[in-house]
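My request is simple: use the sequences and hints to build the entire structure.
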Amino acid sequence: MMVAAGEIFAQISPSTLVPTPSIDWEALVPYLLLAGGGVLLLMIFSLVGKWLSSSFASYFTFAIGLATLGSSFALWRRIGDEGATSTLSGMVGVDRFSVFITGLIGAVVALVALLSHDYIKRERLWGTELYVLLLLSATGGVIMAGANDLIVLFLGLEVLSIAVYVLAAMHLRRSTSQEAGMKYFVLGAFSSAFFLYGVALIYGAVGSTKLSYIADFLEAGSLEKDGLLLGGFALLLVGMFFKIAAVPFHAWTPDVYQGSPTPVVAYMASAVKAAGFAALLRVFVAAFESYQGDWQPIIYVIALLTMFAGGAMAIVQTDVKRMLAYSSISHAGFILVGVQAATDDGVAAALFYLAAYAAIAVGSFAIVGMVAAGARDSNADNTGESMGESMADSTADSNEATSENHIAIYRGLAKNRPVLSAAFMVLLLAQAGVPFTTGFFAKFAIISAAADARSFWLAVFAMISAVISAFIYLRLLVAMYLPDQQNTSESSLEKPSILEGTVVALTVAFTLAFGIIPGYLYDLTQEALIALVP
Amino acid sequence: MNSSVIFAEAGASFPVLSLLVILPLVGAAALLLIPSSRSEMLRPVALLFTVAVAAAAGWLVAVFETSGGSEAGFQFVSRHEWISSLGTSWHLGVDGISLFLVALTGLLFPLTIIALDPGSDQKSYYVWLLVLEAGCLGAFLALDLLLFFMFFEIVLVPMYFLIGKWGHSNARYAAVKFFLYTMLGSSIMLVGIVSLVFLHSSATGGAVTFDLVEIATSQSLATTTARWLFLSFALAFAVKVPLFPFHTWLPDAHTEAPTAGSVILAGVLLKLGTYGFLRFGLYLFPEATSYFAPLFLTLGVVGILYGAVVAAMQKDLKRLVAYSSVAHLGFIILGAFALNIQSLEGSVLQMVNHGLSTGALFFLVGFIYERRHTRQIAELGGLQRSVPLLAGVFMVVMLSSIGLPGLNGFVGEFLILLGTFEANRWWAVVATVGVILAAVYLLWAYQRVFHGPTVGENVKIVDLRWREWVAVAPLVALIVFLGVYPRPALDRIEPAVERLVEHVEMNDGTEASP
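Chains as they are written, first to last, in my numbering: chain Y, 14 to 547; chain X, 7 to 520.
In case anyone wonders, no lab produced these hints; they're calculated from the structure. Mixed in with the good hints there might be a few duds.
[Claimed, not checked] Below, simulated BS3-like cross-link-like pairs (lysine-lysine); rule was C-alpha separation at most 27 Å, straight line:
| # | chain 1 | residue 1 | chain 2 | residue 2 |
| --- | --- | --- | --- | --- |
| 1 | X | 183 | X | 321 |
| 2 | X | 183 | X | 129 |
| 3 | Y | 238 | Y | 134 |
| 4 | X | 129 | Y | 428 |
| 5 | X | 183 | Y | 428 |
| 6 | X | 321 | X | 466 |
What follows is the structure, given as structure tokens:
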């Protein structure tokens, strides 16, 4: 068709022919699936929504997520045969790095779709928009992962972020959710502005926003004064640090995680973080490779701050969602150690960590959501009135005591729900980096990359911070397994639904299987190299 | 051709070491499948699997060749690809240093299951116990640095639950302290392992490998680097041992742990630290070891004296035994860093001795606690009259712990002191004071608990039951046997120790500067 159209145009007026970029449709399948799926879903529900059950949207999104994962496997194989390419006049890179992140985001979308099904039912929300926004935001994430141009990267960032701002505020009847969305939006818009200004400065210094051009230009060393460039580095980093929630740009995280709907939090902690790190790795490790000496120290310091501040602040939390939010900050710091290495091994380690943490985060937040639902039910049964009063008083104490995510809810969970607790135990131990889980190999890969890059002290500090964070996971384990005899929580949890149970089972299986035999995943990350094809 | 050679040849093809590690895990999986309506099946099944492991370990000791082995002295080596791109493999092997620790592990686990009842939640108790056994055996057998680390670290999880869930009143605090303290040490070791591996591969130009023998034999590192790396390993092992001043987690963990937890902790887990010093410290970093030897000798001696003095002050019988562990482990460290054949032989033997005698002491203290529900020495007294058999066993075990000639403790301590005297006589002289102090606090404790008037509840308590006999009898038998006739054990330990000493002397840097 396209060829035929081109021929027709050529016959009409050959002199005014506008060269259109060649489009590699096959490479764009993941983008089209996610974006097209989102738009299609919106249309279906606008037109025939009243005849469809609300489950349809969930299964549809699940299918799109799986298809994205499948298409990235196909692309992966194609790149193996033909090598990395780029398309849309070099704007979109098709390399194994972007394909890996694409597959990861697709898998997360599929799992989060299943989680959302039950969440929406439980909260009595009308939630097609949630799935539409999920798909659109995933599109943005995939664009970020494959962006070969800073402008495209910014486009992806905005598509991702704006959808997530709305997702955070999805729970209409809860002021905390509204607050989360607002906070995230204001701060996020601010950081996007920083990012854009950084792009402008880099364009001013180099004369292009194309990553491959920037890389060659900087490699050649033809820049006499690099003040503008370094300013651009700093501003770009601010934008990216915000997305990955690195200290001191993390302040939004606990509030947003606490207030947002739990499936959305699972998505933010896994896919959004992965997209943010993809951008960081692609731009800094690949494009700004020859200026390593200038940006590595910044990452070094930020990584240290993020790991320790995240771990230390997590310890004092009593709300489990906040606790996991701070722990996700500390994980981000750990991944930054891999970024700091600025080697292929460092990139591979960061990818391994992102994949491992995505599964852990989705599983953990799924369990947190299930426990909160059970706690709310029993609260409604037993202390409905007192809860209403305390809400009215809104004193800190009574709010805390009745919070559905308070750590007290987890007391004695192991007795009531042994299987669920065992699953949570595996995920928590994986976060602590205990051997025979993916969490261990993720930390191991990062430490290896740091040691290989001769950042021994950073590696030592990273491991010390891991021990500090381990305390939080132990605190949760103590609450679940070793409660005070008299203080056992009476929360009676209903049986988990099939879908939520499946999500938890899948993430736990992933965590254990690749924790015992990590070879396959490890090899994948080793092959997922960034290639900036012009 | 005698029969043991035939057996050994059969053993070369049969992966007995992999079986040792995997069998407890299979047992744990089997326990998980038992429905809660058949909970009476849990204990027999757990016992079955641990006895099978013990039998395999016993067979290993029987067919172990005293004249050395195939690959750098390791026997029954089994090696399989695991994560090929990481250069790490499932590599197990046993030599004279690890042989008896494996046997000790195999012995102590079934004994704890026979003698003790967990009380509540039997299923997870036995599951954790079996996972713990797999982890311990894996750590003693691993010849791959990454594999060793994974086993070394994984034992924290079952032990954490055993202490925290079935322990005494303050158990959660002790469990968390135990977990974090040891994790801090080992996580820095992970950085050491990874750095060692990468520095090794860039120095030799070869592929990345975690193989212990390969790295140890090439000795490719610069002196200063090797010293730093040694310290990163040493910290992990020093916490695990625990060496003074890293011992503060031990009394809490021991006091709060259930009896089975204390027995395994003292008998097996602490040995991971001393074993780590021998297998990884001395073997990988011979020069750094002899460079830092004075420091560790001093810490060992301080541990001996400190442990003894603090033990003497204790009012709690279990805490007293825990501090006596600190003192005994000081002896083992002393032997390890005196760096000659006698001292190292004594050190290895003393690891086994300590496992037997302190394991037995914790059993007995646990039995007393079950009967009297107190561990306060002041509340006990005159038990000799009400439980004469228990008192008798306690006496034998205590004397072995003191180091009475004719019992096993004497052989180990004597060899250590002999070797240390040759290497550095003043440390040996000071350490000997520790032997005397051990006699003081243990005899004094015995006197307060078993002698004197029998009053109050101490009158009516019952003597050892048959299950408890089954648990302590093998330990007492071995205590006497090793004391009277240690030759079979020493024959198996000696080749490995000789090889290690030779390795250290070849690489300790003294002959490089003539």
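Against the structure, the hints come out as follows:
1. X/183 x X/321: holds (22 Å)
2. X/183 x X/129: Satisfied, since the Cα-Cα distance of roughly 25 Å is no more than 27 Å.
3. Y/238 x Y/134: Violated, at roughly 59 Å.
4. X/129 x Y/428: holds (13 Å)
5. X/183 x Y/428: holds (24 Å)
6. X/321 x X/466: holds (23 Å)
When each numbered hint is compared with the structure, a violation occurs for hint 3 only.
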